[in-house]
Structures are given as C-alpha cells and as structure tokens.
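Engineer: One line per chain: the protein sequences are A and B, in this order. Numbering-wise (the numbering used here), the first sequence opens with residue -12 and increments by one. Numbering-wise (the numbering used here), the second sequence opens with residue -12 and increments by one.
By construction, these hints were calculated from the structure, which means they are not laboratory data. Heads up, some of the hints might be wrong.
[Claimed, not checked] Straight-line distance between alpha carbons at most 27 angstroms, and here's what the computed DSS-like set of lysine-lysine pairs gives: (1) -11/B <-> 59/A; (2) 87/A <-> -6/B; (3) -11/B <-> 79/A; (4) 59/A <-> 87/A; (5) -6/A <-> 87/B; (6) -6/A <-> 59/A; (7) 87/A <-> 8/A; (8) -11/A <-> 79/B; (9) 8/A <-> -11/B; (10) 87/B <-> 59/B; (11) -6/B <-> 59/A.
Protein chains: 2
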Amino acid sequence: MKIIHYKDIDAAPVTVQGAEKVTIRWLIAAEDGAPGFAMRLFEIQPEGHTPLHIHDSEHEVFILAGTGTVWKEGEEAPVGPGTAIFVPSGEKHCFFNRGKDVLRFLCMVPVEQ
Amino acid sequence: MKIIHYKDIDAAPVTVQGAEKVTIRWLIAAEDGAPGFAMRLFEIQPEGHTPLHIHDSEHEVFILAGTGTVWKEGEEAPVGPGTAIFVPSGEKHCFFNRGKDVLRFLCMVPVEQ
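Assemble the whole structure, with the sequences as input and the hints as a guide.
Structural biologist: Structure follows, in structure tokens:
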C-alpha cells in the first residue's frame, strides 16, 4: 500500500504545447504497481490553461479547489470544488483557471500499456 | 462529457457487512460510458468505518476532508485531506473516521466487466 500526501511529490511543469501555467504531480502510476489507471494532480495558476486537445484515452477529473471552466463543444462550462467531469475518449477538452487562486484538480487516466 | 457536482448525486448507505456509517455516491460509472474505471465518493461519519476486507481489484483513494486512518498490515496509518492511497489487489484494508467531522474521500476502482 502506498500512502502519500500530494505535497510530498514534486510538481513538474507541463511542457506540452498549448499548456500555460500548469504543473503535474503523479500520485499513483504504473511504477507503483497500478495495473489500470493513474492518478495525477494538476495545478493551474490564474490565467493558465491546459491544452485544447483531443486523444483516445478518457479523463476522469475531480475539482479540489479554485474557480475554472472546461471547454465543452465550443463553450466554457463552469467548474469548482466538488465537480466531477468525465471526458470520453475522442472528445475535445481544455481546463481554464478563471479565478484569482490556483485551480487544483485530480485527473485519472488509463496507464500506458 | 459529463459534468456534475457530487452533491447533486444522492448518497446511498453502504450496506456491505462490516460497514458502519458509510455512504457512497457514484460520480462516474460504466453507464456513463467509462470503459475502464469508476469514480465514487464516500462519506464516513464519526466512529464509522468501511469493512476490513480484501478483494482482487485495486483501489485508488484521495482524501478530501476529515481525519481518518487506513488499516495497513495490522496498524492504522493516519490520513487527511490531500493524502493519496494506492491499495493493490489482494491487500487487506479498511478506512476509519477518527475525527469529529465527516471523512470524505474519492475511491476509484476498475469497472466491473
């Protein structure tokens, strides 16, 4: 069993093209023995956003703190602490920080096989 | 894309033997089209706990609020807001509320095939 506080894991900048002011922490990953899916914690600073992109794997997201939106079919839907979001495979998406504080959320994805 | 606040989903009592003062909300599940894993939100009231049990599927847990412990190899390890826990397949575990407020956490599991 792995037990770890997210603050004990270093936050790495997300360098994917289109990401602005975003960091990632890998909380649970394949190297922990996770066979199916990984848990990551993202932080987006004010005025930042993830890339507007599309991919084969799904996302399962839970907002922990902050004020943001998610791009859904061309519009921005508001999200905040306690919002769960399922982004199916092949659906375009992007998370924006629209507040004055950090936007913090979990994002689970399938582990790479 | 599904976007929902956890409070907009009814909390159902967990009736599994050994569970005390526990509710579950299914935030993302197979019926949402999630192909690999499901997201549930549990709340344990003070003095409550999940069953002490063991099973084939893994758990990925993230503590949102409260003060608790997780049973790990016969001892109780403290957990609180921001703690991530990976419970591998086949490892005995149990979550206890050891505080005065609700213990709230996410628990992701593989969807039943």
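Engineer: Decide, hint by hint, whether the structure agrees.
Structural biologist: These are the hints, each one checked on the structure:
A C-alpha spacing of about 10 angstroms is found between residue -11/B and residue 59/A, which places the hinted pair at or below 27 angstroms, so the restraint holds. A hinted pair counts as satisfied when its Cα atoms are at most 27 angstroms apart, and residue 87/A with residue -6/B qualifies at roughly 24 angstroms. The suggested pairing of residue -11/B with residue 79/A holds, with an alpha-carbon distance near 13 angstroms, which does not exceed 27 angstroms. For the given pair, residue 59/A sits about 22 angstroms from residue 87/A by alpha-carbon distance, which is consistent with the 27 angstroms threshold.
Proximity of residue -6/A to residue 87/B is assessed by CA-CA distance (about 24 angstroms); at most 27 angstroms being required, the pair is judged to hold. Our distance criterion of 27 angstroms between C-alpha atoms is broken by residue -6/A and residue 59/A, whose separation comes to about 30 angstroms. In summary, the hint linking residue 87/A to residue 8/A is supported, as the alpha carbons are separated by about 13 angstroms, within the 27 angstroms threshold. The suggested pairing of residue -11/A with residue 79/B holds, with an alpha-carbon distance near 13 angstroms, which does not exceed 27 angstroms.
At roughly 25 angstroms between alpha-carbon atoms, residue 8/A and residue -11/B fall within 27 angstroms of each other, so this suggested pair holds. Our distance criterion of 27 angstroms between C-alpha atoms is met by residue 87/B and residue 59/B, whose separation comes to about 22 angstroms. For the hint pairing residue -6/B with residue 59/A, the CA-to-CA distance comes to about 21 angstroms; that is within 27 angstroms, so the pair holds.
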